[in-house]
Amino acid sequence: MPRPFTPKVVTANALLEGDVVYLKADGAWTRRLAEAELLDEAGLAELRLLDAQARAHEVVGPYLADAQAGPDGPEPVHFREDFRRRGPSNYHHGKQEAR
Amino acid sequence: MYAYSDFDESFVRDRNIQFRAQVERRIDGALTEEEFKPLRLMNGLYLQLHAYMLRVAIPYGTLNGRQMRQLAMIADRWDKGYGHFTTRQNIQYNWPALRDVPDMLDALADVGMHAIQTSGNTIRNVTADHFAGAAADEVIDPRPVAELIRQWSTDHPEFQFLPRKFKVGVTGSPNDRAVTAAHDIGLRLLVQDGVIGAHVLVGGGLGRTPMIGKTLKDFVPLDDLLPFLEATVAVYNLLGRRDNKYKARIKITVHETGIDEIRRLVDAEFEARKPLFKGFDQALLDQITADFAPPAFEATGPGSYESLRAADPVFRAFTDTNVAEHQHPDYAIVTVSLKAHGATPGDATSDQMRVLADLAERYGHDELRISHEQNVILPHLPKRHVKAVHQALNAAGLATANVGLISDIIACPGMDYCALATARSIPIAQEIAERFDALKLEQDIGPLKIKISGCINACGHHHVGHIGILGLDRAGVENYQITLGGDHTEDAVIGERAGPGFGADDLIPAIERLVYAYLDLRQDRGETFLQAYKRLGMAPFKAALYPQQEAEADAA
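Protein chains in written order, with my numbering: chain A, 1 to 99; chain B, 1001 to 1556.
Same shape as in the complex, but just chain A (with noise of 0.2 Å):
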């Protein structure tokens, strides 16, 4: 039987700034992952990262990181991402300072 599949958003590194940026519905870039769109669906997860891909003067890095859905949007699943959505533990610095 084939694993179910885990929902994915697309994320990223924005090229001038080089923070983290989810991709949207609308395909906009979002600095917030409860922004991001879930894609519970594995063809559509590989379609949104292909228009990822082809953004290249947008975003670096382009992937599908695990998510699963939260009461306010998309909550990582592993805590690489939870860091990357909210920066370092050290300073308040990175996502959690624009707060």
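Treat the hints with caution; some may be incorrect.
To be verified - Just some of the chain A residues that point at chain B, by a computed CB distance under 7 Å:
no.	residue
1	56
2	60
3	84
4	88
5	90
Hints were generated in silico from the structure; no laboratory data involved.
Backbone N, C-alpha and C define an ideal beta-carbon position, used for all residues, glycine too.
Once you have looked at the hints, place chain B on chain A.
Just chain B now, with coordinates in the frame of chain A:
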């Protein structure tokens, strides 16, 4: 100290102009990321977890006040007001924007610095003993040789696409503070029958497959050193594996080929190359050596250094741990700890950098060093000024008296910054330092090196820590493996893995049990953790780390 020649100056400026154009072409879409990546890496620019990261070379860890002040300016103007000093004596800026990087590189060039070959499969920034030119036990100042290697390796046309990165470390003291045995090439300078030369180690390295360097030559006279190094790298360049990234370092080449065969090949290559050098390298080395002439030390006596030490316990504690013996009896080497309890190892704010620059200029012959242990050194400080320096450091939050102690921890950036990391390092270092500070045990424990890496690439040198900690991802949870008995000195040893890893919450109590076991087991206060480990072996320490298993074994 070495100052850029006209050649250096125009070379670095030209490189910056070239890179500025490359950045522009990337931004306007003329270059893809695949095309741009190797170009940015050759100029020290990484893309990390949250941002770009610029790694700036501090060759052999030596810089002056003006350079340190410029590093502070760069931190303020284009970053977040701090820099991170690394285990390869570099400084990293964690938050630059792509458009700003060419300006940062120009600002570096203004003070004779660059970020060239701090990444990529090239010969990287050459590291050296951080007490070079100052230590009482030094035989030869390693910096002229290190600078010669910097000039030779920078943009060396044959060695821009090596199978993998290549690191060289140099010491000129029998007490190896430069971890030479963990370098692709380690040089230990010495004098034999009145001739200066190097004991050459090859194939050392940490990372996925840790290995202690093997002796390639017991003695290579200085006259032959550069052609010999070139022969060695040339042999590696042809022989090193390019089919598998994890088997591409020279340590694997040496391991698979055998040191005797490597030596034979290097000797043959050396014979062919030596005549091509025609003494140019020696003329250059003579010039460089003149640049590194020691400052005019003032024989003004120690002043009230000893009486101040006797009168002030805080000052005494500082000098006990942070001061090392200088060549000149009236001088001291002062190590400034970047490991305040709870702080990020190796980080300095721009204000702190300016304080260090001021102190170097005012009291210390305008010299500073960065150590691979992520501290800053004032190498030439008259003893009569140490008290004033201590006061100034104290006011800047830089007077932590813990050099060589349990809280003087090496930690890589780990998953707080690094895209390669599998777990965090910094919070672990912070927690250990705070815990043992709270226990007020640090001084009693004595010399103890904890080194933490956030992945198997081992930037945090965990293999050669007396206690090494390796952060891994175990089924989606941060997990930390402990190794024991590593040694980074001239007696270099790779530490032994103690057993299963610990979760982040269980790690600090485990380290505490380990240290308490040592305090119980040591013969007296004079026996260090490492000495006790060497005497007793793994068993009693393992028992302390895994009391549960011990209890089960006893019951069975």
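Hint-by-hint comparison with the structure:
| no. | hint | result |
| --- | --- | --- |
| 1 | 56 | holds (6 Å) |
| 2 | 60 | holds (5 Å) |
| 3 | 84 | holds (6 Å) |
| 4 | 88 | holds (4 Å) |
| 5 | 90 | holds (5 Å) |
Comparing the model with each numbered hint stated earlier shows that all of them hold.
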